[in-house]
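Trainee: Using the sequences provided together with the hints, build the complete structure.
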Amino acid sequence: MSTTARERPIKVVLAKPGLDGHDQGAKVVVRALLAAGMEVIYTGLRQTPEAVTQIALEEDVDVIALSSMAGSHLAFCRRLKPLLDDAGLDDKLWIIGGNLPRQDHEALRALGFAGVFPTGSRLDDITAFIESHAGDALRKLEDTHS
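For the sequence shown, this note's numbering gives the first residue as 9, with consecutive numbering after it.
Calculated directly from the structure, the hints in this document are not laboratory data. Values in this document were obtained by computation on a predicted structure and should not be read as measured data. Heads up, the beta-carbon is just placed ideally off N, CA and C, and yes, glycines get one too. Mixed in with the good hints there might be a few duds.
Below, computed lysine to aspartate or glutamate pairings styled on EDC-like, alpha-carbon distance capped at 16 Å [stated by the list, open to error]:
1. K19 - E67
2. K35 - E47
3. K89 - E139
4. K35 - D132
5. K19 - D94
6. K19 - E139
7. K19 - D31
8. K35 - E58
9. K19 - D68
10. K19 - E58
11. K19 - E66
Label pairs and their computed distance ranges (CB to CB) [as the list claims (entries may be wrong)]:
12. Q111 - E15: 27 to 33 Å
13. A122 - R16: 28 to 34 Å
14. A43 - E114: 27 to 33 Å
15. D68 - G128: 30 to 36 Å
Mentor: Okay, here's the thing in structure tokens:
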């Protein structure tokens, strides 16, 4: 669904978890999402699971995205999942990108991360995935308000 066909743009929070100090890739993804017509809240570096949950809740986002280059993605996501569930954010699209070894992809999906984008993923693939999957949730929301 194109941005012009929606009542509002897809809203994404993109966070850098934990002690990860590498944010250039995240900033490139932010620009790609903005260019695709999405609204993006970039949290910056060193976010806690509690902070990511709070920002996602306060900003009423459609997508919760993480960018992890530090290798602590599984531990972070295991702490984040129950917080998102308890906050009622389990219906949002959860995605993660960065330095994600192939052997961790299924564990991330099992935690609820529908989109797993390892380093080198195409920006067009990331935006298309978000538009496709977040669009379904937005259409349901718009249908209930029309």
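Trainee: Which earlier hints can't be squared with this structure?
Mentor: 3, 5, 7, 8, 10, 12 and 13
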